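Q: All chains, full assembly: derive it from the sequences and hints.
Protein chains in written order, with my numbering: chain F, 18 to 257; chain H, 823 to 1051.
No false leads were mixed into what you were given.
Cross-link-like lysine to aspartate or glutamate pairs, in silico, DMTMM-like; alpha carbons within 20 Å at most:
{"hint": "1", "chain 1": "F", "residue 1": "Lys137", "chain 2": "H", "residue 2": "Asp953"}
{"hint": "2", "chain 1": "F", "residue 1": "Lys137", "chain 2": "H", "residue 2": "Glu954"}
{"hint": "3", "chain 1": "F", "residue 1": "Lys251", "chain 2": "H", "residue 2": "Glu1034"}
{"hint": "4", "chain 1": "F", "residue 1": "Lys37", "chain 2": "F", "residue 2": "Glu148"}
{"hint": "5", "chain 1": "F", "residue 1": "Lys137", "chain 2": "H", "residue 2": "Asp912"}
{"hint": "6", "chain 1": "H", "residue 1": "Lys989", "chain 2": "H", "residue 2": "Glu1043"}
{"hint": "7", "chain 1": "H", "residue 1": "Lys969", "chain 2": "H", "residue 2": "Asp1016"}
{"hint": "8", "chain 1": "F", "residue 1": "Lys61", "chain 2": "F", "residue 2": "Asp195"}
{"hint": "9", "chain 1": "H", "residue 1": "Lys989", "chain 2": "H", "residue 2": "Glu875"}
{"hint": "10", "chain 1": "H", "residue 1": "Lys878", "chain 2": "H", "residue 2": "Glu864"}
None of these hints come from the bench; they were simulated from the model.
Only a predicted model underlies this, so the values are computations on that prediction, with no experimental measurement involved.
Residues per chain, in single letters:
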Amino acid sequence: MGYGDYQCMDENGIREDGRKADEMRPVEIECGVVPVADGSAYIKWGKNEAIAAVYGPMEAHPRKIQRQDRAILDVRYNMAPFSTSDRIRPGFNRRSREISKVTRDALESVVDLELYPRSKIRVEIEIICAEAGTRCCGITAASVALADAGIPMSDMVVSVAAGKCNGIVLMDLNKPEDNYGEADLPMGILPMTDELVFLQMDGDLSMEEFQLAWDYNMKAAHEVHAIMVEALQKRYGGES
Amino acid sequence: MSEDSTPTEHDSGAVRLVHPGERIGAHDGVEAGHGIRRLNGELVAMRMGTLREDGKTISVDPLSSRYVPRAGDLVVGYVEGMTNNIWFLDIGASFNAILPMSLAPWKVEFGAVREHLDVGDAVICRVQEVDETHSAVATMKGMGLRKLKSGLLEEIPPHIIPQVIGKGGAMLQSLKSLGQSRMVIGQNGRIWLDGEHHGMRSIRAALEVIRETAHLPGLKERIDALVNE
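A: In structure tokens, the structure reads:
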């Protein structure tokens, strides 16, 4: 059990915010919100809000970071100082470096970097409002922004997280569930092949719990993917 | 111009939008074109765009893209910097093009490049050669290649330039009939307009329509409606 006497679920199996155990928070995505960027996306995921913008491919500077055979991804995840109730000191910190790195690694596995030697693709993720699960929010928004920018990719990375609170496996933890919970399992999934490009786990899950969290994530990834595709198509006023 | 393919809207009325990772089907015997890859026997879209099928190949026409220079392209560049004998031109590509003083239309003294072209100047030039890492060399030797001293530049995403020109230049004719103005279309999406004020304004409005709706069917009709107004 977690600390405190927080109860994440009532006797009917309904969570504090009215969701069932395997239900996600509502997700909305909009493309093209940053007109000067080559591609951009705004995402609202429960109370989380983020904007991702993509610039490039452009010449990589300084020269020593260039790769002769491929492009490099320059991912910057940042939380706005006003995104949480505790003010966040502006600039890089240990957490944002980590999330920038895992985001870059997740995206590198789909983006066709060999097409743009010596170049750099800049991906900026700005969290405007944070309520648990911002890394998933950021990776998902970045995928949509990359697609919007016309960058060739073999698939779009969808990132979702399941976790555990009061010993119950829950999909998409919100802030209290995350704070009082025992575990968190964010995953980056390629929805077309159900391949995994990113997985982190905080806390402990038993084999059974892990399997359940995995199944929740896989199902949710396809739901989010449908929303991503819809957002991209809406931007260009067409349907598939 | 250098684009020889026809945009999707002419093939049929319907446009199919695809997104990265979308499975398009096996299509045996069909070649994977731009933006398409064959994975495990199935064709997969690699980028956001509209699907184009022309018998032997299937490809994706992108909805947004950066300019990729090709030898022979007519482009509009901005001077970004220089050394004693070379200008660096921003041609809208990932990398700046270089314009050596030997390829300028003037007799340039070593170290006096700034007297002819300064930072911020716009020039019409041609891409002379492009190497495998996309670095380009530009030339200003040739008909109509010059420094721009008047008029204005409008930017359009480079992948819709073929539609600005239209079939056999039909769209270009429509645009020109909107107002008295000279027009030079750079393959990098920069369009130079120079002429009478109202005419330029009408053309810019029409270019805005093209920019926003080039991927949807019936573009020519929309522009012709503007012409008839």
